[in-house]
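Model the placement of chain B on the given structure of chain A, informed by the hints.
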Amino acid sequence: MSEASDLEQRFEDKIAADERIEPKDWMPDAYRKNLIRQMSQHAHSEVIGMQPEGNWLTRAPTLERKSVLLAKIQDEAGHGLYLYSATETLGVTREELVAALHEGRAKYASIFNYPSLTWADIGAIGWLVDGAAIVNQISLQRTSYGPYARAMVRICKEESFHQRQGYQIMVRLAEGSEAQKQMAQDALNRWWWPSLMMFGPHDGESAHSAQSMLWKIKRMSNDDGRQKFVDQTVPQADIIDLTVPDPDLKWNEARGHYDFGEINWDEFMQVISGNGPCNRQRLGQHKKAHEEGAWVREAMAAYAKRKAETAHD
Amino acid sequence: MTNHGDIAEYALRLGDDALVHGQRLCEWCADAPFLEEDIAIANAGLDYLGRARMLLQYAGSILGRSEDELAFLRDAPEFRNLLIVELPRGDFAFATVCQYLLDEYELLFFEALTNSKDETLAAIAAKAIKEVRYHQRRSVEWMRRLGLGTEESNRRAQAALDELWGYVAEFFDADELETRVIADGVGVDRSALEVVWRDRVGDLLDEVELSLPGDEWQVSGGRSGVHTEHLGHMLGEMQFMQRAYPGLEW
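Protein chains in written order, with the working numbering: chain A, 1 to 313; chain B, 314 to 563.
These are calculated hints, taken from the structure and not from any lab test. A couple of the hints might just be wrong.
So, partial list: chain B residues that the calculated Cβ filter (under 10 Å) puts toward chain A [said to hold, decoys possible]:
| hint | residue |
| --- | --- |
| 1 | Q336 |
| 2 | A345 |
| 3 | I354 |
| 4 | A365 |
| 5 | F385 |
| 6 | D388 |
| 7 | G462 |
| 8 | N467 |
| 9 | A470 |
| 10 | Q552 |
| 11 | M554 |
From chain B, some residues computed to sit far from chain A (all C-beta separations above 12 Å) [claimed, not checked]:
| hint | residue |
| --- | --- |
| 12 | T315 |
| 13 | A321 |
| 14 | G335 |
| 15 | S374 |
| 16 | E391 |
| 17 | A439 |
| 18 | K443 |
| 19 | R469 |
| 20 | A482 |
| 21 | F485 |
| 22 | D512 |
| 23 | L517 |
| 24 | G538 |
| 25 | E542 |
Predicted model, so just to flag it, every value in this text is computed and none were measured. Glycine included, every Cβ here is placed at the ideal spot set by N, Cα and C.
If we strip away everything but chain B, and leave its shape as in the complex, we get:
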């Protein structure tokens, strides 16, 4: 029987991934390269915010805190998201490559999580996987356009890939808590996803004429609350209202 605290922490981690990524997508508002993309990015943003809310509500139901308390009243070291989602938004190539790497990971992750013995997590995963399949189809198509489009788009996509690659190892790291929830059949063994992920990503990069960066530079720490400098600034903005006007209804 899995400890409730472990489940709450596990849900919180996944909720934070979705929340922080959703917040970054919000930064694209009225700033996309054309109107159809404004709509598409907002669509993805809504999916992530919706997922964040389900997961934070679930974690909160165990911890006795509301989704908004969890989102707006924790400081950066208490956030548990993967570092890759907190990186500054960057240009459209950076955002696209980030989304693509994340989509391939989430595709494998949420597919596996649908088998969780925790019914709530399995149900959230079943909803998420439908969204992720759509996100991935879209980001693959954009990877093709950028990789095979113009010299400039290829150069920008390669630069983004080189920058982002240092953060992908964290997709597959498991700590003690995760090892426990995996043993109970609640969590997903992320290390088992790495080979397939690398195959799929490698094949696509090959197809779109981008080169696979080396693995010599790897950063991690998000799951244990050791973040990049960027997260604090993001929270400063995101949490402004709840910090400036504590305890009110909006």
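Bound-form chain A, shown alone:
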């Protein structure tokens, strides 16, 4: 057996035995590339996701809500940092990953290309968007790449707090005045379908799914995740008397799951190909902050160099 196929066999054996692949282990190039794509997309999503929430930080209705929201957004930044670091173990730098984002070569969760228009959207984002993300992330705790799996364990703990704070905002609105109820319903109407889109295309049509499942990078199919999310979220909407905006939604006793309507896949394709309502705004904001920060990063590097030289003398 050649050395290369020996390495490949060992890799395949590890995957088959549900062992973790670690940064110094040999891995196929395609596995590495696939991971870099998925993990950096995940990191970018955490970071871009700060924008729609940050949009309400300066207008949060109470000081307590403001503090909790700021802490949540700080968590997201921390998740981004943690995921960038985990991705860097694959031999790529954060600068390269951010450049790929800016040049449109890397994506982020398309849900953040929708606007956050009222305070209720902050509730809906926590409840639905974080709720959908958790379904995915729980399964990723068993992903085959060690640093990614460990990052997910930590991130999941914080995400469940986020989901609860979002739902709690919705509960409060649903118990409130007519205007508040309407605000909550309107937010659910706008965020429901994009949340279902977060799980990606149907299994048969997902570009990277099959290979990712074989390599155990992905541990749950898109359609299974979506079903799980619908099943756990619909009763939560019922409890607070909000109506899920899907006329085809109904409990299927035989399947033991909710049946639900078809996603508008044209809209999905539009948003992931850069034509959602906020794609340009989100990317533009990230680029602007990055460009405006260039002189700060340069100053930091120059000072570090100067300090190192002085220490040398």
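Relative to chain A, chain B alone:
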């Protein structure tokens, strides 16, 4: 025995400093020069919001108003914060120099306030001083990076310093109310902090190759409710929800 109204007003002033500065820090969300700084600025923001809440709750307990009523239902002339914290956020140099000047002041102020005869204020100060020590270590390090980094960072830091310097005199102004709470051992004599503050700031500016601006231009008025034009706009944004939907629970 200090008049309760005086204590409430005193707590309100300190609460407003923290609230308004915390609100400005919130404006940096997703806008910092790199991700680690997003996290660090949020950290400081959380400290200020937490401090604001403790102080406004304390003032509110005497005045019979909630922290949110005080934060969201007062108009600009009723705010009592120092002007320096309400200035528009500016670039990273402006925010850094502002934070540094404030940190050196707060370090002296809260250290002294831990000795307040008012137990609540002393306890709040004891918590705040730990945060301020950390903020100050961080802002000193940034002053070094900006002052000694590149020509551009030095130029931007100097421009920020020149702009901000007009607002530092207000750190050390005391009015009648403050004179009363100082006499009772409740408040801090801020005028006594000025010499040490000027020494420390002067030394650091010297070290990081920034020049000390002149004192010919000085603005004050925050403690008596005479603000810059900027505060009203900030409140317009911050108070939007409570103004648009009065009297609701969130």
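Legend entry - Closest CB of chain A to the CB of G335/B still more than 12 Å away: The claim breaks: G335/B does not keep its Cβ more than 12 Å from every Cβ of chain A (closest is about 8 Å).
Legend entry - Interface restraint verdict for N467/B against chain A (beta-carbon cut-off 10 Å): 8 Å, holds
Inset, instruction - Report holds or violated for the interface hint on G462/B, using the least CB-CB distance to chain A and a cut-off of 10 Å. - result: 3 Å, holds
Inset, instruction - Have a go at the F385/B hint: is there a Cβ in chain A nearer than 10 Å to its own Cβ? - result: 8 Å, holds
Inset, instruction - Classify the hint on Q552/B as holds or violated, based on whether any CB of chain A lies nearer than 10 Å to its CB. - result: 9 Å, holds
Inset, instruction - Run the C-beta distances from R469/B to all of chain A and say if the shortest one exceeds 12 Å. - result: 7 Å, violated
Legend entry - 12 Å cut-off, C-beta based - D512/B kept clear of every residue in chain A: Check passes; 24 Å lies beyond 12 Å.
Inset, instruction - Report holds or violated for the interface hint on A470/B, using the least CB-CB distance to chain A and a cut-off of 10 Å. - result: The hint holds - A470/B has a Cβ within 10 Å of chain A, the shortest such distance being about 9 Å.
Legend entry - Restraint check, 10 Å cut-off on beta carbons, for M554/B near chain A: 4 Å, holds
Legend entry - Given as non-interface: G538/B, which should sit over 12 Å from chain A by C-beta: The claim holds: G538/B sits with its nearest Cβ about 21 Å from chain A, beyond 12 Å.
Inset, instruction - Would you assess whether A439/B, listed as outside the interface, keeps its beta-carbon beyond 12 Å of every beta-carbon in chain A? - result: Given a closest Cβ separation of 20 Å, the condition holds.
Legend entry - Supplied contact hint for Q336/B, tested at 10 Å Cβ to chain A: 6 Å, holds
Consistency note: the structure conflicts with the earlier hints numbered 6, 14 and 19.
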